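Take these sequences, add in the hints, and give me the full structure.
Protein chains: 4
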Amino acid sequence: MKKLNIAIIGQGSMGRAHSNAYHQVNHFFETPYEPRLKVICGRNRAGLEKMAATWGWEEFSTDWRSVVERKDIDVIDVASPNYLHAEMSIAAAEAGKIVLCEKPLAISVEQAVRMVEAARRVRNLVWFNYRRVPAIAFTRRLIEEGRIGEVFHYRATYLQEWGNDPTRPPGWKLQKSEAGSGVLGDLLSHLIDTALYLNGPIAEVAGMMHTFAPGRDVDDATLLLARFANGSVGSFEATRYAVGCKNRKTFEIQGSKGMVRFDLEDLNRLDFLDATDERNEQGGRRLLVTGPDHPYAANFWKPGHIIGYEHTFIAALADFLLALESGAPFHPNFEDGLAVQQVLAAVERGAGFHPAGRF
Amino acid sequence: MKKLNIAIIGQGSMGRAHSNAYHQVNHFFETPYEPRLKVICGRNRAGLEKMAATWGWEEFSTDWRSVVERKDIDVIDVASPNYLHAEMSIAAAEAGKIVLCEKPLAISVEQAVRMVEAARRVRNLVWFNYRRVPAIAFTRRLIEEGRIGEVFHYRATYLQEWGNDPTRPPGWKLQKSEAGSGVLGDLLSHLIDTALYLNGPIAEVAGMMHTFAPGRDVDDATLLLARFANGSVGSFEATRYAVGCKNRKTFEIQGSKGMVRFDLEDLNRLDFLDATDERNEQGGRRLLVTGPDHPYAANFWKPGHIIGYEHTFIAALADFLLALESGAPFHPNFEDGLAVQQVLAAVERGAGFHPAGRF
Amino acid sequence: MKKLNIAIIGQGSMGRAHSNAYHQVNHFFETPYEPRLKVICGRNRAGLEKMAATWGWEEFSTDWRSVVERKDIDVIDVASPNYLHAEMSIAAAEAGKIVLCEKPLAISVEQAVRMVEAARRVRNLVWFNYRRVPAIAFTRRLIEEGRIGEVFHYRATYLQEWGNDPTRPPGWKLQKSEAGSGVLGDLLSHLIDTALYLNGPIAEVAGMMHTFAPGRDVDDATLLLARFANGSVGSFEATRYAVGCKNRKTFEIQGSKGMVRFDLEDLNRLDFLDATDERNEQGGRRLLVTGPDHPYAANFWKPGHIIGYEHTFIAALADFLLALESGAPFHPNFEDGLAVQQVLAAVERGAGFHPAGRF
Amino acid sequence: MKKLNIAIIGQGSMGRAHSNAYHQVNHFFETPYEPRLKVICGRNRAGLEKMAATWGWEEFSTDWRSVVERKDIDVIDVASPNYLHAEMSIAAAEAGKIVLCEKPLAISVEQAVRMVEAARRVRNLVWFNYRRVPAIAFTRRLIEEGRIGEVFHYRATYLQEWGNDPTRPPGWKLQKSEAGSGVLGDLLSHLIDTALYLNGPIAEVAGMMHTFAPGRDVDDATLLLARFANGSVGSFEATRYAVGCKNRKTFEIQGSKGMVRFDLEDLNRLDFLDATDERNEQGGRRLLVTGPDHPYAANFWKPGHIIGYEHTFIAALADFLLALESGAPFHPNFEDGLAVQQVLAAVERGAGFHPAGRF
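Protein chains in written order, with this note's numbering: chain A, 1 to 359; chain B, 1001 to 1359; chain C, 2001 to 2359; chain D, 3001 to 3359.
Worth double-checking, as some hints may not be accurate.
[Unchecked claim] Calculated cross-link-like contacts (lysine-lysine; reagent style DSS-like; alpha-carbon spacing at most 25 Å):
1) A:K50 <-> D:K3302
2) B:K1302 <-> C:K2176
3) D:K3176 <-> A:K50
4) D:K3257 <-> C:K2173
5) D:K3176 <-> D:K3050
6) B:K1257 <-> A:K173
7) B:K1050 <-> B:K1173
8) C:K2302 <-> A:K257
9) D:K3176 <-> A:K302
10) C:K2302 <-> B:K1176
11) C:K2176 <-> B:K1173
12) B:K1002 <-> C:K2050
13) B:K1003 <-> B:K1071
For the record, the hints were derived by calculation from the structure and aren't laboratory data.
Remember, predicted model here, so these are calculated numbers, not experimental data.
What follows is the structure in structure tokens.
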């Protein structure tokens, strides 16, 4: 096993999810690398100390720049607030490090372009972890095998409710200066990455952004109509005001040969309708995507024994490490992150709404 | 019981659904009127003869104009292709008849305005039958009682698949000359009527219309973003290319105090989440809207004994007859039909898409 | 059309459901008979008068015996409390009438045997209406076509909650003298008839009957383990104490080639899993059993437009009238009702429980 | 942190699940112990070497007895085939070790009694991990708070399909000599432990055991009717012949104040119906048991971010370690395992069926 020395910048929930992935990756996958948790960087010393103790980081630091310069570090994992992704990732890439960056890649296309540029010489990843949900990877396989046929409709939502909680302290995600945007970068970015992965490029968009909370400077809800390059039409909605929904990321695809439906709150399942079945036997099949013969099923538990949120990070890391060894391309990388950023920017430009009527 | 002599113009599936309603209304409701099925009008003599025999119409006729003039007819029920609604309804209203008209009210705002004008002197109804789905009427009650609170999101789809069936004979619904539009008038009109009923006026829309089938001159799919006058944001999609979906008319509303979700293919159920429940006890409640204490539950069968599609027509007719007797207002009437028409027209004007980006 | 003069004995909810079927049968089916609603019999004059007016019965009577003797009556429909089924049906059969009897056929095997005997010379039906739920008829077709393979498991419940409602007036269903039993005859009889229809004869049973309400002399809950003649094992439960369940009649069958699941509260759907699909594509298919190519789908509405409880009576009556004309056998008839009765009696004999342990 | 030296006996899927728990426990919980993975014991040297490498066991051994005698070992974790549980656990207890034993505790009551006896002096646990499913722990809390009221019905199934797979190699679970029984010990034991946890002691049982596969000497399906000490009635079914079901462990409880339903394949959800809600607002609430205010929610991820199968072992271990430190009682322990064993034995004694009838 080759040792791979990791430094992470970020001590929040993503710091936690990534730390877990480093510990777990070789329990479930056979990679040639042994991740070593060297340094955790962040702004809050007390928090860092606790994170380091809990997750086994050897050191902690409040000076990420010095860590990026360290010779003994192989990987920089950027899990900071959005506005810092570009600066940190570029510094890491210029120092020759492998760079793993949380989503959204950046807060502007301009930043993302520079990041792609800087990262050309190094292996890189964007943590759009949901591509590694087994049901989503399986959807991709179904599409590639032609089981959905010509796609007509793509429909996606990401519904959360916490934007409407007045008791919640305003963190960086609600500040434009730190987050860049609201649900656009936080939630819609996930929807767009999944859509590009499953249904290819988006040709046109028309969007609508809305802020419900008085005085807030980021979008609480962003909606979008789209045309894909493959001729299908799309609809997207991301919101933090969907009372009753915790983390409902869904998509639904209808094509000439079938349909799929997915909901992240039920991530071990996929609804698949095969429109080539007999007419009276067609119905959404509730697949429990835990094997046999499903993506990653052999890595985790037996069929019927479900996995959770954290496993998507583990599988993404595993795939990355295997690609690192073989030299094969890895996705989603910074270029994939840029493609998402371009769609988000188009939505922002197009938003403000195009009134077609007023009554 | 006062006798009410009915003539219907239309021999298709709506002719059938309305005929059933006339027979059944007094089996389940106590109205002061006894509908008498006098004349069925249409273009196809053989079909008319069979319809008359099956459903007990005393006579049939291929000359609707002469029927409209008959003194012994009290009610003209217009269930013809869309492009004839205006002419027939106006003639009937001018002859002093009660007019019941299928949806969409018309194929243009201009027609609808004239219909409203002509029908000022007579009682009238538009067959937006889904307002009488018990679960939808119950949703309205929940909203009026403040159980949903301030509405943030309204999201609706009407998904059918038959537009993609190449074996299907092209009927009038696929001809612009007879239908006026595709899903816009056929399916989106239902979505908009339900939205206006539940969430009030729509202030702005941006739409997208799409035709998948080569050579077809009506829209196969129409999508829409909207802002409602109450400050909520909306998303609508109607399509005949949603492979795997037979008649999936859905809505989903999130407000400050709760959420509701509905699916017409499961019309006896309503998902209701009460966000004032304890935080750890909040979940979409699967209400079986068959009583006790639900709209129309006392009229049909015992709790847990479900009703079907046809009952929405029966309940609409019953409410209309009761309003006819009492003189109380009835909705949806021609003015409600016009309001829908105005939104549809705005979508048509706004469609063609507003590209916010191209990649 | 041949006129068929009907007399019904019963003015409760079954009287209502049957009356509706007589009115509706020729609207949806083409039978050679025109049912004429001649006389409704019962004990409560005021109620009878109202029922006759609402449902169009020409006369009403509190003397069922004299009605049974009338020459002008062709059909006696017995919808009285259970303890009267035998006496009335036998009298009707002996008078040469066609006899339609509500379920359970009788309150004892002895009665049922006499009924079968008396009815040998006349056409007869037992109102186990659920055989005509399209999803149940379709299940039978799937089984006959071998799509489920060798059956291993049959599992059925009938869950209601009203037994636990202390505000409810004690009707005849809670009196052993009138009902014969509690859920055994009322609910378990339905489960057993469906089971015999779908899975064939039952070879052995072990049961448990329980009464929760103090002082009540009928069973509130009856549970059952069974072995079928085909080698499968079964489990049954009927109860009126399943708080939260209005009318949840379910079954679930697992065989070597697939699985089906059904719930009466969602009667337009059937879950069908085809175990010969690819291993990673097997999942319960949510069939919407409203056509195309489903039982009775062509008779009612278009695909996706659901039907309700009452349609099962209409379809049962239609099938009976068609069999009446053709001379073909009809099921479920009195012999089928007797077969159910024999299982119920075995459960009663076996109940009282067989303690296998006590701790 | 106090070091806790672990030795595990077992190299199969339970060995894997437990190994994971030792690694993960302090990532999600704050316990005072640091588990050290010292030795893994088993019969297959090659497999042991790989397991040790993957999961970080310092040593491996094919001689469990010598390991049990080692002074430096604090904990013996018995994850061997069922027939060895008693011998190994007793040896470990007699050596003064903390003993953690997989379920079922034993293959006979006699064994279980000796195990309880031997383990009186040491802390012990039975790996009935499902008590730590958050939704199950939350059900217990609802019951304790009186939210279900007086319980009427308890209904549970454990449905798997692999018994019917002819391509599957016959492992120890299909040999009576090693497993003691089929689904009785493997699956029904889980159902019974959950039932005792949620609904208290079982007073009487009547069972039925069945083997479908020719020549197999263990039960493929075991069904059970029961009376609980609290007056409720129960139904249980465990099978490996439920084609279409991977790991469907369910329960459903109805009481005077509400209902709960659970399915292990959807373990993050609980259906809870509050029968004290308004009558027209009662419906099964689909709770997503991922916080806020749910058991273990604060330990894992944010609300809406689901957990999987493995987390039940982690939480069980955490609770055990906290009890170890505080001296508080821990459940399920060997006495709980014995209670399950007594019910299983009663079922075995009672099985062979009590025919109540034969037709």
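Each hint, compared with the structure:
With a C-alpha separation of about 19 Å, the suggested pairing of K50 of chain A with K3302 of chain D holds against the 25 Å cut-off. Note on K1302 of chain B and K2176 of chain C: the hinted pairing holds, with a Cα-Cα distance of about 23 Å set against a maximum of 25 Å. The hinted pair formed by K3176 of chain D and K50 of chain A fails the criterion: a straight-line CA distance of about 50 Å is larger than 25 Å. Note on K3257 of chain D and K2173 of chain C: the hinted pairing holds, with a Cα-Cα distance of about 24 Å set against a maximum of 25 Å.
With a CA separation close to 29 Å, the supplied pair K3176 of chain D and K3050 of chain D exceeds the 25 Å bound. The straight-line distance between the Cα atoms of K1257 of chain B and K173 of chain A is roughly 24 Å, inside the 25 Å bound, and the hint therefore holds. A C-alpha spacing of about 23 Å is found between K1050 of chain B and K1173 of chain B, which places the hinted pair at or below 25 Å, so the restraint holds. Pair hint K2302 of chain C plus K257 of chain A holds up; C-alpha atoms about 22 Å apart against a cutoff of 25 Å.
With a C-alpha separation of about 23 Å, the suggested pairing of K3176 of chain D with K302 of chain A holds against the 25 Å cut-off. For the hint pairing K2302 of chain C with K1176 of chain B, the CA-to-CA distance comes to about 23 Å; that is within 25 Å, so the pair holds. Restraint check: the Cα-Cα separation between K2176 of chain C and K1173 of chain B comes to about 58 Å, which exceeds 25 Å; the hinted pair is violated. At roughly 18 Å between alpha-carbon atoms, K1002 of chain B and K2050 of chain C fall within 25 Å of each other, so this suggested pair holds.
Among the hinted pairs, K1003 of chain B with K1071 of chain B is consistent with the structure: their alpha-carbon atoms are about 14 Å apart, no more than 25 Å.
In summary, the structure is inconsistent with hints 3, 5 and 11 from the numbered list given earlier, while agreeing with the others.
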